[in-house]
Amino acid sequence: MKILVCMKQVPQKDAPLKLNDAGTWIREDVSYEVNEPDAYALEEALRQREKHKGEVVVITSGPARAQQVLREALAKGADRAIHLEDDKFVGLDAFNTAKAFAAAIKDEQFDLIFTGLQSDDYGYAQTGVILAELLGWPHATIIMQIEKNDSGIRVKRELEAGYFQYVDMPTPAVLTIQSGINKLRYATLIGIKQAKNKPLRKVPLAEVQSAIGENLQKIEKLYVPQKTKKTEHIDGSPAEIAKKLVDKLRNELSVL
Amino acid sequence: MPDTILVVVEQREGKLNRVSWETITAGQAIAAATGWTLEAAVVGASASSIAGEVAGKKVAKVYAVESPKLEPYTPDSFAAGLKQFLASKQPKLVLMPHTYQVRDFVPKLATAMGRTCISDCIGFKNEGGKLLFTRQMFQGKLAADVSFTGDGPWFATFQNGAFRGDKAEAGASAAPVETVNVDIADSVVRNKPQEVFKEAKQAVDLTQAEIIVAVGRGIKEQKNIEIAKQLADALGGDLAASRPICDSGWLPMDRQIGSSGQTVAPKLYLALGISGAIQHIVGMKGSRAIIAVNKDSEAPIFEIADYAIVGNLFDIVPPLVEEVKKAKAGS
Numbered sequence: 000m001k002i003l004v005c006m007k008q009v010p011q012k013d014a015p016l017k018l019n020d021a022g023t024w025i026r027e028d029v030s031y032e033v034n035e036p037d038a039y040a041l042e043e044a045l046r047q048r049e050k051h052k053g054e055v056v057v058i059t060s061g062p063a064r065a066q067q068v069l070r071e072a073l074a075k076g077a078d079r080a081i082h083l084e085d086d087k088f089v090g091l092d093a094f095n096t097a098k099a100f101a102a103a104i105k106d107e108q109f110d111l112i113f114t115g116l117q118s119d120d121y122g123y124a125q126t127g128v129i130l131a132e133l134l135g136w137p138h139a140t141i142i143m144q145i146e147k148n149d150s151g152i153r154v155k156r157e158l159e160a161g162y163f164q165y166v167d168m169p170t171p172a173v174l175t176i177q178s179g180i181n182k183l184r185y186a187t188l189i190g191i192k193q194a195k196n197k198p199l200r201k202v203p204l205a206e207v208q209s210a211i212g213e214n215l216q217k218i219e220k221l222y223v224p225q226k227t228k229k230t231e232h233i234d235g236s237p238a239e240i241a242k243k244l245v246d247k248l249r250n251e252l253s254v255l
Numbered sequence: 000m001p002d003t004i005l006v007v008v009e010q011r012e013g014k015l016n017r018v019s020w021e022t023i024t025a026g027q028a029i030a031a032a033t034g035w036t037l038e039a040a041v042v043g044a045s046a047s048s049i050a051g052e053v054a055g056k057k058v059a060k061v062y063a064v065e066s067p068k069l070e071p072y073t074p075d076s077f078a079a080g081l082k083q084f085l086a087s088k089q090p091k092l093v094l095m096p097h098t099y100q101v102r103d104f105v106p107k108l109a110t111a112m113g114r115t116c117i118s119d120c121i122g123f124k125n126e127g128g129k130l131l132f133t134r135q136m137f138q139g140k141l142a143a144d145v146s147f148t149g150d151g152p153w154f155a156t157f158q159n160g161a162f163r164g165d166k167a168e169a170g171a172s173a174a175p176v177e178t179v180n181v182d183i184a185d186s187v188v189r190n191k192p193q194e195v196f197k198e199a200k201q202a203v204d205l206t207q208a209e210i211i212v213a214v215g216r217g218i219k220e221q222k223n224i225e226i227a228k229q230l231a232d233a234l235g236g237d238l239a240a241s242r243p244i245c246d247s248g249w250l251p252m253d254r255q256i257g258s259s260g261q262t263v264a265p266k267l268y269l270a271l272g273i274s275g276a277i278q279h280i281v282g283m284k285g286s287r288a289i290i291a292v293n294k295d296s297e298a299p300i301f302e303i304a305d306y307a308i309v310g311n312l313f314d315i316v317p318p319l320v321e322e323v324k325k326a327k328a329g330s
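Protein chains in written order, with numbering that gives the first Met the number 0: chain A, 0 to 255; chain B, 0 to 330.
If you are wondering where the hints come from, they were derived from the structure by calculation, not from laboratory data.
All residues carry an ideal CB built from backbone N, CA and C; glycine is no exception.
A hint or two may mislead.
[Said to hold, decoys possible] Here are the simulated DSSO-like cross-link-like pairs (lysine-lysine), alpha carbons at most 27 Å apart as the crow flies:
#, chain 1, residue 1, chain 2, residue 2
1, A, Lys229, A, Lys243
2, A, Lys242, B, Lys219
3, A, Lys52, A, Lys192
4, B, Lys294, A, Lys229
5, A, Lys242, B, Lys191
6, A, Lys226, B, Lys266
7, B, Lys284, A, Lys242
8, A, Lys147, B, Lys219
9, A, Lys155, A, Lys182
[As the list claims (entries may be wrong)] Covered stretches of chain B, going by a simulated chain A footprint (3 or more residues, C-beta under 8 Å):
#, region
10, 130–138
11, 142–151
12, 266–274
13, 307–320
[Said to hold, decoys possible] Here chain B is said to cover these stretches of chain A; the calculated rule only asks that three of the stretch's residues, wherever they fall, bring their Cβ under 8 Å from a Cβ of chain B:
#, region
14, 87–99
15, 115–121
16, 158–164
17, 210–218
18, 221–227
Excised from the complex, chain A in its bound form (with noise of 0.2 Å):
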């Protein structure tokens, strides 16, 4: 089985956030980390692999900054990487991410995509579902179990409200993978020293400039959001805070 992984770097989750100038976007200065989900999915990926042979491609898009990324997952088993490498990557709306992507793989041979189920950046949850489109491939949404079968596979769907639901589905396909699906590996010192020799592949945005387009839909303004609660801060030592919460127990939320 020959998969791609579709990562994504993003701010890591307790960086504080600054506005840039025009108030569009943020600052590029904080710490990046890999998108949790995609994580999951490049996991789930690799024991595919295990399972079945075959390759684990690796691709991102963004700045020079993205490509740690990949070498993280070529660090953990990854077979080769492609790095759609420029600034500009970051504005694209998942339309366009999704075109670049088309375009940056259009002579590989896939039998699966694996995405995140979504970015703890945007939070679209929408470019591994458009990418099927793209390719005119089927799809599926937050997978929980993937098994290959004698047409194609069956995959574990997550609905809402703890209910399941397989779904029997031909290749080539694209899953966009819950995360827990499974547990994470760590790259190993052997993986790290490999990973220096593994292929990655650079892609300039005029490679895949004529299959982008204008963005569809456009960040007016970024901002810290309104807050609509009234919140009460509790100060002090652990001691006093320990008093004082007792007491709010106690006496205005009466559950003590």
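Use these hints to put chain B onto chain A, whose structure you have.
Okay, now just chain B, sitting in the frame of chain A:
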């Protein structure tokens, strides 16, 4: 002729998903702000049976978009059926609830029409005739006002709880219902879905809990869960967690709160080391009181907390357990 807003309600096996009323409320609000006409559509093999229920609301018209291929749900059939319907009606704006099902087919539908979807919105603004959709970014740390730059139909989905379903206005008289049959070829539908099922019966029902102590990533290690358990025990409450904790297997899945877990509304929700990602918040924002402990003063959980404690939970919780025990012993 004014532009049209079309709300596509969600039904499963002939039953309307209640979150659809919230989208009707959203549609009514946007219609009031823009002067556009509001219509609704139900999609399914027997959509007309539900269309009547929707026609009681203040909408100009309800369409029942039907085809035997729409049952069971598949993204292929829904995208194909709706594309056909929307191409003939050309509404300016198409609204849907941001459910797992909608997430599954709307990006495909919009792409098939060369259009885009602003997903998971929490509100809208009409600024000088320009329609903006507000959505959370960076797990709720920031918000963005997003506009459409191209032609309609524009697609937007609204987060669960963004509007009040019980505020959906009833109409003076029932709106007309029109059944539209869409033609979906056999070859279109590639996925074969099996029956929907529930994993082994949920052992823990947190929906009835009065006090919940929930832990998130800030708990750091499995053995530290004990600290939260002591607090839950002292308060006589139940222990719960955000998704990453259950993903790691530190607590069983049936203690998970959020969009993929249980939705709760206790008297007291104590969030320990939970940052407050949207997927978690939708499962607990109905709590009567929320106390949050987090070392990151910018954690989104503080946006919805009644009481905020910025600090290390490992420092805060142990003395709190002792204080609660003392209070209980004395009462």
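Hints, one by one, checked against the model:
{"no.": "1", "hint": "A:Lys229 x A:Lys243", "in the structure": "holds, 18 Å"}
{"no.": "2", "hint": "A:Lys242 x B:Lys219", "in the structure": "holds, 26 Å"}
{"no.": "3", "hint": "A:Lys52 x A:Lys192", "in the structure": "holds, 22 Å"}
{"no.": "4", "hint": "B:Lys294 x A:Lys229", "in the structure": "holds, 19 Å"}
{"no.": "5", "hint": "A:Lys242 x B:Lys191", "in the structure": "violated, 58 Å"}
{"no.": "6", "hint": "A:Lys226 x B:Lys266", "in the structure": "holds, 22 Å"}
{"no.": "7", "hint": "B:Lys284 x A:Lys242", "in the structure": "holds, 26 Å"}
{"no.": "8", "hint": "A:Lys147 x B:Lys219", "in the structure": "violated, 35 Å"}
{"no.": "9", "hint": "A:Lys155 x A:Lys182", "in the structure": "holds, 17 Å"}
{"no.": "10", "hint": "130–138", "in the structure": "holds (count 6)"}
{"no.": "11", "hint": "142–151", "in the structure": "holds (count 8)"}
{"no.": "12", "hint": "266–274", "in the structure": "holds (count 3)"}
{"no.": "13", "hint": "307–320", "in the structure": "holds (count 9)"}
{"no.": "14", "hint": "87–99", "in the structure": "holds (count 4)"}
{"no.": "15", "hint": "115–121", "in the structure": "holds (count 3)"}
{"no.": "16", "hint": "158–164", "in the structure": "holds (count 7)"}
{"no.": "17", "hint": "210–218", "in the structure": "holds (count 6)"}
{"no.": "18", "hint": "221–227", "in the structure": "holds (count 6)"}
The structure fails to meet hints 5 and 8 from the earlier list, while all remaining hints are met.
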